[in-house]
Amino acid sequence: MRRVILHRLMRLLATLFAVTFLTFSMVSLLPGDPVDVILGQADRTPELEERVRSDLGLDRPFLERYGSWLGNSLQGDLGESYITGQEVSQLIKDRVPVTAQLAFMAIIMAVVMAVPIGILGAYKQGKWQDTVSSAAVQVALSIPNFITAIFFVWIFSVKLGWLPNSNWVRPSDGLFENFKRAIMPATALALTQMAIFSRLVRADMIATLQENYVLAARAKGLSDRYILMRHALRPSSLSLMTIIGINFGALLGGTVIIETLFAIPGLGFGLINAISRRDILVIQGITVFVATVYVVINTIVDLLYTVIDPRIRRS
Amino acid sequence: MTGIGQAQPEFPSDRVGRISTAVQTDAGSRAKPKRASPREVFKEMPLLVKISAVWLILIVFGAIYAKLDVAVFDGSLPLQNPNLLTNGFNADTGEFGTGDPIEGISGSHWLGTDAIARDTFARIIHGAWVSLIVATISAAFGIVVGGFLGALVGYVRGRTETVIMSMVDVILAFPALVLLLALVSIFEVRDLFVISLVIGVLSIPAYTRVARANSLAISNREFVTAARAIGTRPNSILFREIIPNVLPTLLSYAMVASAFVVVVEGSLSFLGLSVQLPQSTWGNMINQARRDIKVDIYQVLWPSLALSLTVLSLNQVGDWFQKRGSVRDSAL
Amino acid sequence: MRKRQLFKLLALLLVFALGAAACGSDDDDSSNGDDTTAGDDTGSDDEGDDAADEGDEGDDAADEGDDAAAGDEAEGDVDTEVEEEDPAIERVYGGDISVGLEAEATSLRPWDDTCSSPCYNIAVTIFDKLMEQDVDGNYQGWLAESIVPNDDFTTWTMVLRSGVTFHDGSDFNAQSVADMFPVQLTGGQGASSAASSNLTGVEATGDLEVTYTLSTTNSAFPAFLSRAALGLVFEPGAAAADPVAFSDAPVGTGPFMIEKRDIDNETVVVRNDSYWGTDPDGNQLPFLDSITFRPIPDEGNRLDALLSGTVTAIGSLRQGTIRDARAEGDAITLYEYQGSTVGGGHFNTLVAPLDDVRVRQGLNRLNDQGTVLEALGGTGISFPGTQFFSPDSPWYSEAVAAAWPAFDFNGGTALLQEYVDDPARSDGKAVGEKIDVELSCPPDPTLTAAMQVIESVWTASELVNVTLTSFDQATHIGMAFNDAHQAHCWRFSDDNDPSITFNAGFAPPNEEIAAAAGVPGVVSPVNWANWFNADAFTASQAAIQTDDFAERKALYEQIGLLMAEEAPVWYSGYTATMIATDPALLGLASWHVPSGDLGSGLPNAEGHWSEVWLAAG
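Residue numbers (my numbering), protein chains in the order written: chain F, 103 to 417; chain Z, 68 to 399; chain E, 2 to 618.
These are computed hints drawn from the structure, not numbers from a lab.
It is possible that some hints are incorrect.
Simulated restraints on C-beta separations [claimed, not checked]:
#1 165/F / 254/Z: 18 to 24 Å
#2 279/F / 107/Z: 58 to 64 Å
#3 405/F / 106/Z: 47 to 53 Å
#4 237/F / 302/Z: 44 to 50 Å
#5 279/F / 329/E: 20 to 26 Å
#6 584/E / 279/F: 21 to 27 Å
#7 279/F / 362/Z: 51 to 57 Å
#8 254/Z / 218/F: 50 to 56 Å
#9 175/Z / 332/E: 34 to 40 Å
#10 234/Z / 520/E: 55 to 61 Å
Straight-line C-alpha distance at most 30 Å; calculated DSS-like pairs for lysine-lysine [claimed, not checked]:
#11 117/Z / 226/F
#12 226/F / 390/Z
#13 110/Z / 390/Z
#14 430/E / 195/F
#15 322/F / 261/F
#16 261/E / 282/F
#17 229/F / 110/Z
#18 226/F / 110/Z
The beta-carbon is built from N, C-alpha and C at its ideal position, and this holds for glycine as well.
The shape of chain F in the complex, shown without the other chains (with noise of 0.2 Å):
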């Protein structure tokens, strides 16, 4: 058991130094003087290049200079923005609760919606209930959340006008308006989830619905509608956690057009900026950022598991 979890953490960091090392020689991969590349079509000054030289240490190896920004970023020091002057780390937690809160929203309702459809199509499997459920989620699942939100924003903001298709309001400046502006964009983002968790949900509890102890609960006369909430939602549960969590982290990446559709400053919109401004250094820090939370709840999505599953355990 420690054992696997010390390999685990091991490859963890394996991982994270693979992504970190990747995305700063991405960077530094890019032809051309590193300055012009790092200050892009900023409005420089030869007193502007010097200082980004000397912050980057650019006469010094390559290996060396990962090294210090490697040590720097463990700081919390991403570098900053020789565009606009952010501090890269700075920009990152102004945006990160706002991404964060909508891919908690999109998953919420995701789970929300998806438990029920998935029952109901383990339930009623082969019958016109989960021809009909099953046909909807593939279509919730093939069409791009960027298409599901134009026609949100079409029906909801252009035509009939109830809510607001930009124009965040953070938690703080009042619950009610953020919530206004959230509904879409989570919605659309909520709906491919939903389409994913609902298809396992369905799959897994037909699978247990197979095994030998719903077989004897059943056998002793237990109504099925017991059956599924007792004994077949509990195992269920483990593997839609799983994949929420994996899917958590991809949601941090995935909200990247549904935030500059709706102009809301997370860290998706943030990348799209950045990267129209060409603000490498932003670019980069995102990325990393966006990378390690992903490697990072995956690794603790794998742990739980292992933790809780005993036949992961043992092979």
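Starting from the known structure of chain F, arrange chains Z and E on it as the hints suggest.
Just chains Z and E, lined up with the frame of chain F:
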């Protein structure tokens, strides 16, 4: 971990056993697996899957037709020029066109015209080519490289497996879309084939995992054990036993993965980071039509439908093949 | 290119780089007609009138009292008349508004960063300018009370308004202006503006008296004091101490003070209770309690935000958005503006095949302006361009309009054919091979549409291989700056004094050319087309030696004719811009300069927010 992003949920890490391990063992080791003819396969499909398959065939046919029209027949096939402005100067006639931007459906423009009076139907058909190429190249790349690596490490195990799977994990550690955005924007990639290759490289890990899981399962099968026992060379086992048996699963996985790839390309185009204009793609059509959404929603709707239906069809057909494979498998 | 040299010269990164890029951000001030020195009136309104006979639009600029929101303008013309707000309407204090802008103001250091339309909106709430353009295009004092040149326009003496304080409580006086100068020289925009205005020294010659020393004559100098780089007044101490932090916490003398800066989300400014300004009726300004500026890059989203009431006002530089806004009728108040800013693009005349005038002329004749304008958002919003001045401008020249190459497919193709068949063709390709041209516009949907229209006709000639590219705005500007461009979408000119555009725009693009022209060291990085014509350069220099309007106009006309001959640029149409507001928001267009005259209105969607109030109820 998921495939190459969030839409491949079926394959969480350590649970890859869920993947159908469709193994065609009926004919023993050397004999070619017996295959159903395409017609038989089609007959087996449920109605929805049939419709999906037909849609996919239409899209592929349309894409190739459009490409041939431009590349070989110099626009002489019956399909409108996707880049002709029907309201602007027409060099062939020497006159200004009488078309209008953002027209509705009509006999001359089956799906109307876009913001600069080009025929939307022709642009959608031409856009299919981009999706087709991106999906095909990345799938080919994934199957060849990822499939081979996965099959290899699943068979030989040991240190090779550790090293390769760690590398795979690192690539998987990046959320695909974020990494793709960073790469495409930093390196200013605009070429269809290069973009396809980048997406292809990013999809290697997913294929590797699928192939490895299958390879692991197959390596423990009787016929492989038997082959080993009679002293067949490892190379021979890998190429004659393992890989042919992993391939069918990979192919059906490729369909589902392609659905995701088509969405990814659509997203890139939508953000203006994909192929060069005036080449139409479904994503850039949606993006360009979005400006006039108050005036007309249909120019957004048509490419959205094309994209969504294609993704839906790929998922349907891919799923069905996977299911079919696993049913056969479990029947063994 | 040596960087120092870059800055040394005619500058203007300022106005130009903003306007740069056709990217939707350009800046400029002001109304039709303008003239140089303070207090010198040339009766420009009439000039504007005669000029406007451009085919189909009946000009009505003179003196009618049409509502600015009217949708019934003649095709292609936009009413940019500024009127007084009804004095009977009660001015109301208080209220918070939010304003949707097309982009974030990436920083609030006026001396350093390019200040485009969104940036101006925010900046003028926090910073006051030294000079402002009034409704007639004349430059009047704002924080300055007066500015007077010596006889040869090499020394300008400015007297400042008294009793003005910065937001941090410190006094604003001549020394502040003098202390600003070294800070300005450290910034890209400030340094290049100083260079292009010939400014070499700023000195406090009294408590409230500042003397500007120029290296050579510049009769149009006050124009530069109305632009961001040299005109916006900031607290020099804080700026010098930490320029990076200053961007987050700018200190000026303006009607509002910075409250919150959350880049890419919102910038909040709150009322400066001790502001010095009053409206002509003596009401203390500003009226509003606070303004929240929000970047909403998507055009459609921004208009929706206004319609749904989530923002109180929006700005736009896109015809398509103006079209959509017009369709909303009375639900919003629409202030349209169409100035001398003209869209189109420039050819990099230093690279083959664009170094050959036949290619440039050929491509220009294949520029289907009518269809391009339709792609930009429908006809009836703006009309085709022929020069750097709109028909409403006093500088507009009939002769140039007539000389500019009109659409002529066969004529254009013949010119291109001539080049293609020329054994000595400059691109070194074999006779008969197609010409390769890269056409690049920023990735805005509207520009993307326009770019594809141009491409389609060029391609239809079957003599040109067009490669379409799109790079984000910053890169797009940078490519032109570094001469890595070919055919490059751009937006030219503005309603400021022409010298601001022309001085820098037609100077030698590199050292070699400068030396050959006999003016070594005079190099302009912002001669985007890299087109150097000795006569045009001489004319642009001569035009700042005098303040005689007719003489200056003749010189600028001469440049226009040379451009029509050599075609270093192509045009689409004059840029229409708008600010649309909630009908309850009043007083936006009718801001005043301190003398009580009306200001220049809302050129380029740049709002002045100090005299704005929210109607009661």
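Using the C-beta atoms of residue 234/Z and residue 520/E, is the stated range 55 to 61 Å upheld?
holds (60 Å)
For a C-alpha distance cap of 30 Å, please report whether residue 226/F and residue 390/Z respect it.
holds (19 Å)
Looking only at beta-carbon atoms, does the pair residue 279/F, residue 362/Z fall within the given range of 51 to 57 Å?
violated (30 Å)
Take the C-beta atom of residue 254/Z and the C-beta atom of residue 218/F, compute their distance, and say whether it sits inside 50 to 56 Å.
violated (45 Å)
With respect to the beta-carbon atoms only, verify the hint that residue 279/F and residue 107/Z lie 58 to 64 Å apart.
With Cβ atoms ~59 Å apart, the hint holds.
Are residue 229/F and residue 110/Z close enough, with their CA atoms no more than 30 Å apart?
holds (22 Å)
Given the hinted pair residue 430/E and residue 195/F, is their Cα-Cα distance within 30 Å?
violated (55 Å)
Whether the CB-CB distance between residue 405/F and residue 106/Z falls inside 47 to 53 Å
holds (50 Å)
Return holds or violated for the Cβ distance of residue 584/E and residue 279/F against the range 21 to 27 Å.
holds (23 Å)
Just to be sure I understand the hint, the distance between the Cβ atoms of residue 279/F and residue 329/E should be within 20 to 26 Å; is that true here?
Since the Cβ atoms of residue 279/F and residue 329/E sit about 23 Å apart, the hinted range of 20 to 26 Å holds.
Range hint 34 to 40 Å (beta carbons of residue 175/Z and residue 332/E) holds or violated:
holds (36 Å)
Should the hint that residue 237/F and residue 302/Z are 44 to 50 Å apart at their CB atoms be regarded as holding?
holds (46 Å)
Consistency with the previously given hints fails for numbers 7, 8, 14, 15, ordered from lowest to highest.
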